[in-house]
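**Q** Protein sequence lines, in the order shown, are assigned to chains L and V.
Take the first sequence: its position 4, counting from 1, is numbered 4 in the numbering used here, and each next residue is one higher.
Take the second sequence: its position 523, counting from 1, is numbered 523 in the numbering used here, and each next residue is one higher.
Since the hints were derived computationally from the structure, they do not count as laboratory data.
Please read these numbers as outputs of a predicted model, since none were measured by experiment.
One or more hints might be untrue.
Beta-carbon label-pair distances, calculated as ranges [claimed, not checked]:
#1 L:Asp63 <-> V:Ser600: 36 to 46 Å
#2 V:Lys290 <-> L:Ala44: 40 to 50 Å
#3 V:Pro94 <-> L:Arg49: 25 to 35 Å
Result set (SDA-like, lysine to any residue): computed pairs, CA atoms no more than 25 Å apart in a straight line [unchecked claim]:
#4 V:Lys294 <-> L:Ser51
#5 V:Lys290 <-> L:Lys20
#6 L:Lys20 <-> V:Gln669
#7 V:Lys224 <-> L:Ala38
#8 V:Lys224 <-> L:Ala97
#9 L:Lys20 <-> V:Gln611
#10 L:Lys20 <-> L:Ala38
Note that beta-carbon positions come from the ideal geometry of N, C-alpha and C, so glycine has one too.
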Amino acid sequence: MALETELAAWGDFAPDWQHKLAERIGPAREGLSGLVSAWAETLADGDGRLSPDALRAAFLAIDGARRWPTQFLAIRPDDAFRAELYQAVPQPLPSAAPLDMPEQPL
Amino acid sequence: MLHLEPKAKWAFWRRGLMMSLVLASTAGATWLMGVVLGTNSLTIAEGAVLVVFAVSFGWIALSFWAAAAGFILSVLGRHPVTLRPESAAEGDVPALRTRTAVLMPIYNEDTRRVFAGLAATYRSVEATGRLAQFDFFVLSDTTDPDIWVAEEAQWHDTCRALGASGRLFYRHRAANVGRKAGNIAEWVRTQGGAYENMVVLDADSVMEGDTIVRLAALMEANPKAGIIQTLAIAASRNTLFARWLQFASRLYGPLLAIGHSFWWAGEGNYYGHNAIIRTRAFAAHCGLPKLPGKAPLGGEIMSHDFVEAACMRRGGWHVWFLPELRGSYEEIPSNIVDYAVRDRRWAQGNLQHARILKAPRLHWVSRLHMAMGVLAFIASPLWLLLLFLSSYVVIQQAIAGHAYFLPGYNLFPIWPEYRPFESHALLAITAAVLFLPKIFSLVLTLGSRARRAGFGSAGRLLRSAVAEMVFSLLLAPVMMLFHSKFVFTILAGSSVGWTSQPRDDRGITWSEAARRHTVHSLIGLAWGGVVFWYAIDFLWWVAPIVLGMALAIPLNVYSSRTGAGLAMQRSGFFWTPEETAPSPALRMLDEELKARADWSAPRFAQVLSDQRLAALHMAMLPDRAPADHALIDSAERAAIRADSLEPVERRALLGSASALEHAMRTAEQRRLQRAA
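With the hints as extra help, turn the sequences into a complete structure.
**A** Here it is in C-alpha cells:
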C-alpha cells in the first residue's frame with residue numbers, strides 16, 4: 001500500500017504536512033507500521049498494552065491529524081496530547097480474571 | 001448497616017402463619033362456595049367449579065395476606081426481615097473494601113437508551129464519591145450488525161464523555177449461547193474473579209448510585225448473603241397503558257413486596273436484574289445446564305433468575321428481597337401487545353420451571369417460588385374454566401329448570417333453595433380479597449402528606465385509583481385469554497424465539513389490534529350473547545368479563561397512544577413520585593437522552609467507509625485469525641456493495657479482522673482505480 005494511503009488511515013493531515021511526513025517516513029527501514037509500534041510503546045509508558053489498532057482508533061477519535069499533527073509519531077509526546085489521547089483509547093476489557101463455573105444438577 | 005439474620009426458627013413461624021391464613025381463608029371461601037352451589041346436591045359441573053375455585057382462590061389469598069402483612073408492618077414502621085424500626089435505605093454507608101462490577105447484558109436493544117441509562121447510573125455512582133470500587137460492563141449479545149456497530153460507537157463516545165476509559169467496558173459475544181444467562185455466565189467465567197459482587201441490570205434499568213453503594217455495603221455486612229434483590233419501580237414511559245401500569249405498580253407494588261419479604265426471609269427470589277450477587281457464590285452454584293428435550297419445556301432455561309436464586313440458596317447462600325431500597329428503576333412495555341409478548345416469553349420460562357421442581361436438594365421455599373411462577377400463568381386458564389363452568393351451570397339451570405322430583409318414586413318434591421346470606425358473604429369475601437390490598441395501599445398513602453404529594457394530591461390519587469380499577473377490570477379478561485392461549489400453545493409444543501423487547505412508546509394501529517384481538521372480541525360477544533339469551537339475570541355477573549373482551553381492540557389502540565397518556569397526565573391522572581419528584585438518576589437519564597437526541601446511529605456499511613468507525617471496530621476485535629474463502633468472498637462483495645450481504649454474512653465479516661481489512665483494502669483499491 002502506498003505510504004500516502006497508509007498515512008491517510010490516520011486521518012486528514014494537511015497536504016503539506018502529509019508530504020513532510022511521507023518524506024520523513026519513506027527512508028525509514030521499519031516503515032510506518034514499525035514507527036507506529038514504537039510510538040505506541042512510547043505512549044504506553046512501557047506497559048506494552050497500547051495496541052497500534054487502539055492507538056489509531058484514539059488518534060482518529062480526537063481528530064489528531066488536524067488537531068495534533070506534530071504529535072504523530074512524536075518520540076516525546078506533549079502531556080496534554082497524551083492525556084486527551086488516553087481518554088480516547090478504547091479499552092474493551094480489563095485483564096482476564098477467570099472463575100470456574102460448573103454446571104449444576106437440576 | 002442492616003444486619004440480616006436468617007434464623008430458621010422465626011422463618012418457620014412466619015411461613016406457618018402465612019400458610020395457615022391462606023389455607024384457612026381458602027377453606028372458608030370454598031366451603032361457602034360449596035354451600036351456595038350444593039344447596040340441592042352437587043352436579044359434576046358444580047363439583048368442577050368448586051375445585052377450580054379452591055385453587056384460584058388460594059392463589060389470590062396468598063397475595064391478599066402478603067399485602068395485609070405489608071400493611072401491618074408499614075403502619076408499625078417495622079422492617080419486614082428484622083422487624084425492627086430500621087431500613088437499609090437509611091444511615092451512613094461505611095467505606096467499601098470490595099470491588100463490584102455493574103453489568104448490563106444487552107441484545108439488539110435501542111442503543112441510545114442503553115447508553116443513556118448506563119451513563120445516568122455511572123454518573124450517579126460517581127456522585128457518591130465511591131466510584132473507585134466499581135467497574136461497568138456492557139455485555140452485548142447483539143446479532144444485528146448495524147446495532148453492533150452503533151453500540152461500539154456509542155460505548156466509545158460515552159467513555160470519552162464520562163472520562164470512563166478503563167472503568168466502562170464493552171464486550172461483544174460472537175455466539176449468544178445460553179441467552180442472557182449464558183451472557184452473564186461467560187462474563188463470570190472470564191472476568192468474575194476480579195469482583196466480589198456483580199450488580200446485574202437490564203437494558204432499560206437505571207439505578208441510583210446510593211442504592212448501588214448500599215447494596216455493596218450490605219453484601220459486606222452480611223457475608224452469607226448471596227443475592228439481594230431490590231424492588232424495581234416502573235418509570236419513564238408515557239403511553240396511557242404504561243402510565244396506568246406505572247401508577248398501579250408504584251402504588252400497590254411496595255406493600256405486596258414488603259409482605260413477601262416478611263415470609264420469604266433468606267429464601268427470597270431473584271428477578272434477573274436490579275440486584276446484587278456475590279460473584280464467587282454465583283460461579284460455584286449457578287451454572288445452569290440445558291434441560292433434556294427440546295423447547296418449549298426443554299433446552300436452554302429461559303427464566304433463569306428463579307432457578308439461579310434456588311441454586312444459590314441450595315449452595316447455602318441467602319437470597320434477600322429488600323423493597324425499601326429505592327432508586328431502582330426499569331421500563332415496562334408501552335402497550336398491551338408488547339406486554340403480552342413479554343408475558344409469552346415469561347410463560348414459557350415459568351412453565352419450564354415445572355420440570356425443575358423436583359431438582360435435588362432445593363429449599364422448599366425455592367420450589368414454592370417456582371410453583372407460584374407456574375401457577376401465575378396456569379391461573380388464567382383456571383379462571384377462564386371457572387367462569388365458563390359457572391356460566392354453563394347457570395345456563396343449564398335456566399334451560400332445564402329446577403328438577404322437583406328425582407327419577408323414581410318421590411313422596412315430596414325438592415323445593416329450590418336459595419342461600420342469600422352465604423351468597424352475599426362469598427361475594428363480599430372475594431371482593432375483599434381482590435380489592436382490600438389496593439385499599440391498604442391507598443390508606444397508607446393517604447395517611448402521609450409526603451406520599452400523597454408524590455402522587456399529586458389526595459384528589460388525584462383517588463381518581464387515578466378509580467380509573468386504575470376500571471382499566472384493570474377491562475384488561476384482566478384480555479390478559480386471561482392471552483395467558484390461556486400461551487399455556488395451551490406451550491403445552492402443545494410451540495416455542496418462542498429470543499427477541500428484544502421494544503423499549504420506546506410504541507403505538508398500536510387499528511389493524512394490528514384487530515389482528516391480535518378479533519378472536520377475543522368474538523368470544524366476549526358470543527359469551528355475553530348466550531348469557532343474555534338464556535340467563536339474563538346472570539349477565540351482570542359476567543358483564544365486566546365480556547365487556548373487557550368485546551372492547552379489546554379500541555382499548556389496545558387508545559391505551560397505546562402517547563397523546564392519550566399525556567392528556568390523562570394533564571388531567572391529573574396516574575401521577576407517580578417518579579414524575580412529581582424524579583430522583584437524581586432519573587433526571588440524569590433525561591439529560592443523557594436529550595444529549596443523544598440528535599445522535600445518528602452508524603450502520604454496518606459505514607465501517608467500510610468511515611475510518612474512525614473502522615479503527616474503533618478493529619481495535620475491539622479479538623479474532624485475528626486468517627479469513628477463510630467464504631469470508632474473503634463476503635469481503636469482496638461488501639467492498640462493491642455492502643448492502644448486498646445477508647445479515648449473517650455481515651455479522652461474520654464484522655467478526656473477522658482479516659476479512660474486514662481485506663474488504664477495506666479492496667474498497668480503497670476500487671476507489672483509486674475509479675479515480676485513475
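**Q** Now tell me if each hint is right for this structure.
**A** Cross-check of the supplied hints:
no. : hint                             : result
1   : L:Asp63 <-> V:Ser600: 36 to 46 Å : violated, 18 Å
2   : V:Lys290 <-> L:Ala44: 40 to 50 Å : holds, 43 Å
3   : V:Pro94 <-> L:Arg49: 25 to 35 Å  : holds, 34 Å
4   : V:Lys294 <-> L:Ser51             : violated, 44 Å
5   : V:Lys290 <-> L:Lys20             : violated, 62 Å
6   : L:Lys20 <-> V:Gln669             : holds, 24 Å
7   : V:Lys224 <-> L:Ala38             : violated, 50 Å
8   : V:Lys224 <-> L:Ala97             : holds, 23 Å
9   : L:Lys20 <-> V:Gln611             : holds, 22 Å
10  : L:Lys20 <-> L:Ala38              : holds, 19 Å
Going through the hint list in order, the structure does not satisfy hints 1, 4, 5 and 7.
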